[in-house]
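Participant: When you get a sec, could you build the whole thing from the sequences and use the hints?
Just so we're aligned: the sequence shown equals residues 3 to 467 in my numbering.
If you are wondering where the hints come from, they were derived from the structure by calculation, not from laboratory data.
The beta carbon of each residue, even a glycine, is placed where N, CA and C say it ideally should be.
Treat the hints with care, as some may be off.
[As the list claims (entries may be wrong)] Distance ranges between label pairs, derived from CB positions:
| # | residue 1 | residue 2 | range |
| --- | --- | --- | --- |
| 1 | N183 | S400 | 42 to 48 Å |
| 2 | E392 | L43 | 48 to 54 Å |
| 3 | K439 | R341 | 17 to 23 Å |
| 4 | W410 | E231 | 21 to 27 Å |
| 5 | K439 | L43 | 39 to 45 Å |
| 6 | G190 | D64 | 42 to 48 Å |
| 7 | A359 | W387 | 20 to 26 Å |
| 8 | S224 | D326 | 23 to 29 Å |
| 9 | P130 | N183 | 29 to 35 Å |
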Amino acid sequence: MSAATVSIVGAGSAAAARTAHALLVANGVEHRWLDTDSDPLGRLLVGRGDFAADRTVAVFADGSRLEAPEPYLEIAPGSGHDGSVEIRADGPSRIGMSGPARPDPSLVERYVACAQWRAQLARRAGLPTVPQHELYDVVVVGAGPAGLTAAVYAASEGLRTVVLERLAPGGQAGTSARIENYPGFPQGVSGGELTGGAREQALRFGAEILVGVEIVRATPQSDGTFELELSGGGRLRARSGVIATGVAYRRLECPGVEELIGRGVHYGSAPGQAPGHRDADVVVVGGANSAGQAALHLANYARSVTMLVRGPSLEAGMSRYLVDRIAAHPRIAVRTGTRVVTATGDRSLERLTVATADKRSVELPAQAMYVLIGGAPLTAGVAGWLRRDERGFLMTGSDLGGDAERRWWPLERDPMFLESSQPGVFVAGDVRHGSIKRVASAVGDGAMAIALVHSYLASLEAGHR
3 MSAATVSIVG AGSAAAARTA HALLVANGVE HRWLDTDSDP LGRLLVGRGD FAADRTVAVF
63 ADGSRLEAPE PYLEIAPGSG HDGSVEIRAD GPSRIGMSGP ARPDPSLVER YVACAQWRAQ
123 LARRAGLPTV PQHELYDVVV VGAGPAGLTA AVYAASEGLR TVVLERLAPG GQAGTSARIE
183 NYPGFPQGVS GGELTGGARE QALRFGAEIL VGVEIVRATP QSDGTFELEL SGGGRLRARS
243 GVIATGVAYR RLECPGVEEL IGRGVHYGSA PGQAPGHRDA DVVVVGGANS AGQAALHLAN
303 YARSVTMLVR GPSLEAGMSR YLVDRIAAHP RIAVRTGTRV VTATGDRSLE RLTVATADKR
363 SVELPAQAMY VLIGGAPLTA GVAGWLRRDE RGFLMTGSDL GGDAERRWWP LERDPMFLES
423 SQPGVFVAGD VRHGSIKRVA SAVGDGAMAI ALVHSYLASL EAGHR
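Facilitator: Right under this line is the structure:
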């Protein structure tokens, strides 16, 4: 079918196809996506009966196939500001996961099946998915700036280290076209360069980075370690852990958006997509630094870029240098006090209807819309085990509470600064309650977490916890 390592056959409107494409792109795997919604060859293969229109299939160089489970489930943040998280399926089925109650077990089983499919896809595509050892000093969950920094410091200081990443190293920061306020880079640096360098450092020091995998089950052991079962089929034991899963952009809940994801509607900003918007009208939804960086990068290619901001100005959530550059750019327009009402289009996004501050309804042409409206943590899987705040962020150290909340802390000693309600499990970066949402602070958290891991492991060896 193709000289590519992998061919993905599936509709652009299907979550499985979008996830597979994102996994392979972000990890640099040569592949071809035959979109059965828009690609003529994809439509031909469906018309001939070689593939079903409603299924996503990975086809490998040897002709073997890997079919995605249906319905395909994906965890995504909700639209609210309360940290709500949902398991989303293709179609209307969904379940809220923000509360302490566990979701429908059958839905969780289906999600695990989808996670296992992603891990199989990663393995068949040549990505590392199975740990090399049985016991590790520290397992790092998440490979954004905080997780990669933790891996660099842990591995360089002699700790056997493994990193688990469900999509690709880099996190949200890795998709940023240019970060201009990170210390030491006066001309700015792309997120890919910054996090790619950290990844290479971690590997050079001996850390393992597993890609496309997540934890299916964690079981405490009598010796103080945790046994982890991974979606890739591997198992490992860890003496300590660092959770650095970061956050995901909140969903934009309005008619038409969900149906057009992958067909003009995008969450986050992938720099590689910008050149495809030449002579197009592009909309960026959001008013923080990530949205500003995306708008400036897109404006290098698009005919026009319109920023939609719910607040009264950009200054409230964006660094001054970005505000000034946006104001001076001839192809960027900013609409404050504005929200998206509907998204419409036939095969792909064509236009948006927005509500303005003076309650007028305005139609905007848009061939692409990038949604960057703040982060919500994907921490539903630890509800009832690790203490979270009302928005879902993980509580650590003194934030775990005093005597009245002692039920969250099982030991006589006080928790260390970044230590979660589970002794020996630390939290770093944006997923932590009270964190500063900046790359530099995430890097600092990652380094500090490993210093605390050393203290924790030393106490274990001394017979204390």
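Participant: Each of the hints needs a verdict: does it hold here or not?
Facilitator: How the hints compare with the structure:
At roughly 29 Å, the beta carbons of N183 and S400 sit outside the given window of 42 to 48 Å. The hint said 48 to 54 Å for the Cβ distance between E392 and L43, and at roughly 49 Å that hint holds. Between K439 and R341, the C-beta spacing of about 22 Å keeps the proposed range 17 to 23 Å intact. In this structure, W410 and E231 meet the distance hint of 21 to 27 Å, their C-beta atoms being roughly 25 Å apart.
At roughly 43 Å, the beta-carbon separation of K439 and L43 lies within the given 39 to 45 Å, and the hint holds. The beta-carbon spacing between G190 and D64, approximately 43 Å, falls within the hinted interval of 42 to 48 Å. Between A359 and W387, the C-beta spacing of about 43 Å breaks the proposed range 20 to 26 Å. About 59 Å separates the C-beta atoms of S224 and D326, a value inconsistent with the hinted range of 23 to 29 Å.
Take P130 and N183: their Cβ atoms lie about 33 Å apart, and the range 29 to 35 Å holds.
Of the numbered hints stated above, those contradicted by the structure are hints 1, 7, 8, listed in ascending order.
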